[in-house]
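S.K.: If you want the building blocks of each chain, they are given just below.
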Amino acid sequence: MKSSITKILTTGLCAATLAFGTFSCQNDLLDPVPTTLYPQDIVFDTPARVLLQVNNLYAFVKVGTFLGGRVQVYGDVRANDFLNMRNNGVTALGVWNHTLTEQSQNDVVNTWAAGYLAINQINVFLAGLETNAAKLGATPFPANYVTTTAVNYQAEARLLRALSYYSLLQLYARPFIDGNGSKPGLPLRLKAEVDGTGNDLARSSVAEVYAQILADLNFAELNLPLTPATGVSAVTRAHRNTAIALKTRVYLSMGRYDDVIREANKLVPATAPYVAPTGVRHALNPSIAAVFAAPQETSESILSFPFTAQNAPGTQNQLAFYYRPRPRAMASTP
Amino acid sequence: MRGRILLFLLMVFAVMAHDLQAQDRTVSGTVLGSDGTAIPGATVIVKGTKLGASTDPDGKFSLSVPTTASALVFSYVGYDSKEVAIGNQSTINVSLKVNTTGLDEVVVVGYGTQARRDLTGSVASISGKEIATAPVQSFDQALQGRASGVNITTPNGVLNNPPVVRVRGVNSITLSSEPLYVIDGIPAFSGNSSAVGSVPNNPLGNVNPSDIESIDVLKDASATAIYGSRAAGGVILVTTKKGKKGQSRVSLDSWAGWSRPVRLFDVLNAEQYIGIKNEAVRNLNANRIALGQTGTNVEGFKPYLDASGNPVDTDWYDYIYRTGFSTSNTLNFSGGTEKTSYYTSVGYTNQNGMLEENEFRRISARLNLDHKLFRNVSIGTRVGYSNSRNQAPNSGSTAGGAFGTAGLGRLPLVLPPNVPARNPDGTYNTSGAGIGPGSNLEPTSSTGARLGINYYNPLVDLENNYFTSEGNEIQGSVYASWEIVKGLTARTSYGINNILFEDKSFNTPLAGDGFSTVGSASNFNRVNMRWNWQNTVQYDRTLGEKHNVSLLVGNEQQHTQTERWGATRTGVADAFLTNYQGTYTNIAAAGNFQGENYLLSYFGRLNYDFGKKYLASLNFRRDGYSAWANKWGNFYGASLGYILSEEEFWKNGPLTSAVNFLKFTGSYGEVGNSQGVDDFASLLTYENNLYGDNATLYFSNPGSPLLTWETSKKSDLGLTFGLFGDRVTGDLTYYRNLVDGLILRVPQAPSKGIPGAGPGDVGNVNNNSYLANVGSMRNTGIELNLRASPVQTTNFTWTVSGNFTTLKNRVLSLATEGQRIGTATSLETVNYTQVGRSVGELLAVPSLGVNPANGRRIIQKADGTVAQYNHLGGGWTDRATGLATAAPNQLVDGVYYGPTLPTYYGGFDNTFRYRSFDLGVFIQYSGGNYIYNGTKAGLHDQRFWNNAVDILDRWTESNTSGSWPRVVYGDNVSNGSALVMSNNVEKGDFARLRNVALGYSVKPSFLTTYNIASLRIYAQVQNAALITGYSGIDPEISTNSGTTANTGAGVDRNSVGQARTYTVGFNIGF
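The listed protein sequences derive, respectively, from chains A and B.
In terms of my numbering, the first sequence has 118 at position 118, counting the first letter as 1, and numbering is strictly consecutive.
Here my numbering = 1-based position in the second sequence + 10000.
Take these hints with a grain of salt, some might be off.
For lysine to any residue, the following SDA-like pairs were computed, each having C-alpha atoms within a straight-line distance of at most 20 Å [stated by the list, open to error]:
id	chain 1	residue 1	chain 2	residue 2
1	B	Lys10631	A	Asp28
2	B	Lys10504	B	Glu10563
3	B	Lys10129	B	Arg10116
4	B	Lys10631	A	Glu130
5	B	Lys10060	B	Thr10337
6	B	Lys10631	A	Asn27
7	B	Lys10244	B	Ser10334
8	B	Lys10241	B	Tyr10385
9	B	Lys10613	B	Glu10563
10	B	Lys10504	A	Leu29
11	A	Lys135	A	Asp41
12	B	Lys10612	B	Glu10563
13	B	Lys10613	B	Ser10657
14	A	Lys183	A	Ala138
15	A	Lys191	A	Asn144
16	B	Lys10713	B	Ala10772
17	B	Lys10631	A	Leu29
18	A	Lys191	B	Gly10756
19	B	Lys10987	B	Leu10848
20	A	Lys191	B	Ala10749
21	B	Lys10097	B	Asp10726
22	B	Lys10631	A	Asp31
23	B	Lys10651	B	Gly10611
24	B	Lys10129	B	Ser10334
25	B	Lys10631	A	Pro39
26	B	Lys10244	B	Asp10058
27	B	Lys10612	B	Lys10987
These are calculated hints, taken from the structure and not from any lab test.
My request is simple: use the sequences and hints to build the entire structure.
M.R.: Here's what the structure looks like:
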């Protein structure tokens, strides 16, 4: 009897060991690979994937909270062109009131966040182009990718960064003409932020921010393609004339009118037919209605942000919500 | 391998043969209860052997006993065991006494069971009987007030909304504070799983409460450590029923119930509404004129006449609430032989809530089998299948819905009563998305424009929109256990828990939320798949008579996959279409999600006692979890116990008659919390999105490469006692839970632009932060359970039991010095979490009431100024000087009101039996907390919104002591809509008559002629009465749910309360 108990014990032990042996094989399950999330080390692997990241820079700039709706509305609301009837805190009441209280629905805080989320996407992409330079110089990338396409992308990124800083400056700083840019401007973030470091950064002056904006736009003017490549929209992606056009606006805001004229002359000849002489042939459209009629891609459009049913600006951000005169749904009211 | 099996089988027979002994006489008899009724299924064992039998349906037994046998031991669950010497008797009749102490009951602990007497950890047990007849959707709802240390709140009255369950306080801030639910050994899915916001779906509602035998709540480190990294919030173990030996039983449980709303707010009728609103317009004009402006606002509130010329006076409650009828039926068969026992059931319940269009339906089936394959090998299975369908209207009571303009909790409070739901021609009264204004004009319009009402017509929503969530769940396991040698048992169990969800929503293009998108339909498909494999070896041994050792070692793996996909279609081709399958002009992907996690664990438990007097227990678990960067962690819990009353000196001492049982216990340990962490939280990731028609790829999450478990250091000191021969029993426990390494979002400079959500989701709290284990928090309190039987006679018994728990929560550290973490209730933030306070206290500016001199709201500012407000009549001024002053600000001038968690709570249960009648009276109570009654703010808002009737006591020239400020049209400040003020903060103390049940058990003598074993009929009222000083609908309302409930408790914003439910039912057994 005793020996058979020993045998049973041995059998049990063997079975147990066998079982435990199979368990350890499952250790790889401890590192599940997500099927829709990309690890950082593969995002510069193919030309197509890099292009997806370029598209993304536009996507972050055009969110409803930023240039996809709210920034335009806030510009008008601040200028006192609107009458406040509903006291609805969700729809720009804070901006209209010029109040800066810390609230869950806060126009002031959210617009700032949206602008800098876009700026960091741009900075992360620019840093990625540099750290992945070796990858971009080898297959599957074409031979001239580093010297042409990558530089074009850099220019697009810097144009969008300039646009973002310019838009934020209009809302969060004194105008340039007040003290010639000596007033406090924005924290000038130019490095990729991906971890918990780098929180401390003093505000640059308005002039310093404008200097960076102009540096970015000058780089963009030099390095953007004259006209977009085949298959790329001239309306929703930047090209050389986009940079020039934006520069006119920047100089206008700075009160540097001679520079405005200088830049504008690059786009609009002094004599008829007033069509841009180089690059995309921008011109005023004979019909103002046609400019806003679908597909909104006339030669008058210098840079537009596309929206689709799948890529909407979000509730109560859309321009039509504010500018279209008819009763409409209001999803929430505090 | 074949050799091994053969060897194994041989051994089995050898062991069996070894136990065959000479058996040479028969003893028979009857086992009765003290009331004289037979006890079927009682166990009779020959003392010192494993020989035994169980009684038949008449309580009779017959058993062969060896000549050497000295005594028989009779036992049955719920009765005291009895030992009877055999002597020369061949017939032994015994009567067993009902056991009231519960000290001998078997408690389910992790991966095993233990007698309560030997327990050194803290475990609360609830019998299935206590919850079987409750008219609830999921069993967790029925646990309210039933166990000490377990606080359960019903946050709203929508069917199958998960209750908020807190074992010994809030145990996390960003992760889940909910306990781990384990059903028959397999961890279950819990929490709202619906993709459609309006309709909640708690997967625990898939379990038929009638199938539950017992529920055990593991609370301290000693009891929970065996569940390691998932145990910080406590563990709730659910055991389903199994067949009993010798009893073949058919049983039918049925009830029918009626639910209706209680304590609805009284709002103004049409005439009062018109009067108050026009008075507000007059006051507005007076304010403007006083400032030298023109007072041209129009007194535009006018009666609207119906087809027969009478003024419309709509009671919006009539359209929204109803008396909902519900039924539930469960049929089960159970029984068992020496070798096999079975329990099988089918159930069907169809419940209609007090809200129109709120329904819950469940079809369920269960099969539990246990079979003795050989003498020492058992196999078995637990399988449950259910289909549940949840439907709810947009109640505005579920997560994120508080300020929706469609919420049914809110609409009857804001909609003008002088406006009809239907036009005289029978069509819906709408204007654009909102409701039509009737005859009302916009007071601020100089052109006679009609009043613009952005709120919806609820009738359009109720009759055309739908929101459903349907779940199909299969949950079950198979096991085999092998007693290798006496005392050494190996067990393996493999279980699955798969749920398929289909969630749908439809919004009509006619009006409401679907108006601007011209109708919308969404469908979502979600699959939760989990497998769980457990292997344990248990060894029980008594050494040298008094050293009892029990050792468990085991391994567990659990793999979970979650996938959801869906889409929203907008622009319906025609209002004829009402579902997703129709044609729409647009479609956008929605709700897509993919997750996967894996938990690999090794664990062990050593229980030791010396002479049932000195007890010790040591639990250990090592977990590897896929979501963390640092995969592995160790968790443990240890406890000691001392049963003083087992000492000889006590037994012989003078106190023994008064104190017959006395046990001291203490435990300490560290367990973890991983529940609710994102499956891929530690990874730096990129994701795809869209730029118009083009795809994008964006940096989506910085990841948290150092992230690991939250650690819960739990200590526990307990005292268990039995007094006067167990007439009074109870226990008293002190607990202390220090949660360390709380996972918090470490805020980053907003200019860094660290993403945490997709483009467009700018307000997401995950932006500009990353997760780290940085905070700490402490929960302390005492728990007291008492149980007594003051009257125990043949005809009349009275049993009373109660539990009481205190809780003190303190936040000890957060991510940064002086951090104040706000938790938003949709558009409003009332709760703030700060070091040195309880989580999520209410921050409100102190209201000093109404200035009797001018009827303005007065607010105490932090700088000492007393400010008063006059809407569009000078705004905020200093009461002392009359000069303008800055508006009070919640963050600057607010003071804390808290805690929002009850500081004490419990339940009080009385059971009376008189002959065949039984009466149960169960009271649940809670208090010490504050509630922000935001609904009250809305009810006194002076826009076009309707008001509570108490607004009639507003300040006027002739009523200068009015309790509400002078009404001024458009004023959303004075009463709290735009400013969180103390006027709307109230105490939350309450006592609720949760359940009163009267039952009658038909006499067995009458039933036997019809071959019926038992029949009980009953009637009960759920939520029968509420005593509270709280002025809202229900002090339990909690608008914030899910993880926001951790730090967002105690906010009542436009939610619907709990229904009162009357049920009648019967239980019949054959």
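S.K.: Is the Cα-Cα distance between B:Lys10244 and B:Ser10334 20 Å or less?
M.R.: Given that 20 Å is the threshold and the Cα spacing comes to 7 Å, the pair holds.
S.K.: Within 20 Å, alpha carbon to alpha carbon, are B:Lys10631 and A:Pro39?
M.R.: Given that 20 Å is the threshold and the Cα spacing comes to 19 Å, the pair holds.
S.K.: Regarding the pair B:Lys10612 and B:Lys10987, is the alpha-carbon distance no greater than 20 Å?
M.R.: violated, 47 Å
S.K.: With the threshold set at 20 Å, check whether the alpha-carbon distance from B:Lys10504 to B:Glu10563 stays at or below it.
M.R.: Cα-Cα ~16 Å, so holds.
S.K.: Regarding the pair B:Lys10613 and B:Glu10563, is the alpha-carbon distance no greater than 20 Å?
M.R.: This hinted pair is violated, its Cα atoms lying about 52 Å apart.
S.K.: Mind checking the alpha carbons of B:Lys10631 and A:Asn27 for me, to see if they're no more than 20 Å apart?
M.R.: holds, 11 Å
S.K.: Starting from B:Lys10987, check that the Cα of B:Leu10848 is at most 20 Å away, please.
M.R.: holds, 17 Å
S.K.: Starting from A:Lys191, check that the Cα of B:Ala10749 is at most 20 Å away, please.
M.R.: holds, 14 Å
S.K.: Below or equal to 20 Å on CA atoms is what counts here, so check B:Lys10244 against B:Asp10058.
M.R.: holds, 14 Å
S.K.: Is B:Lys10713 within 20 Å of B:Ala10772, Cα to Cα?
M.R.: holds, 19 Å
S.K.: Compare the distance between the alpha carbons of B:Lys10504 and A:Leu29 with 20 Å, and conclude whether the hinted pair is satisfied.
M.R.: violated, 33 Å
S.K.: Straight-line Cα separation of B:Lys10060 and B:Thr10337 no greater than 20 Å?
M.R.: holds, 15 Å
When held up to the earlier numbered hints, the structure conflicts with 4, 9, 10, 12, 14, 15 and 27 and fits the remainder.
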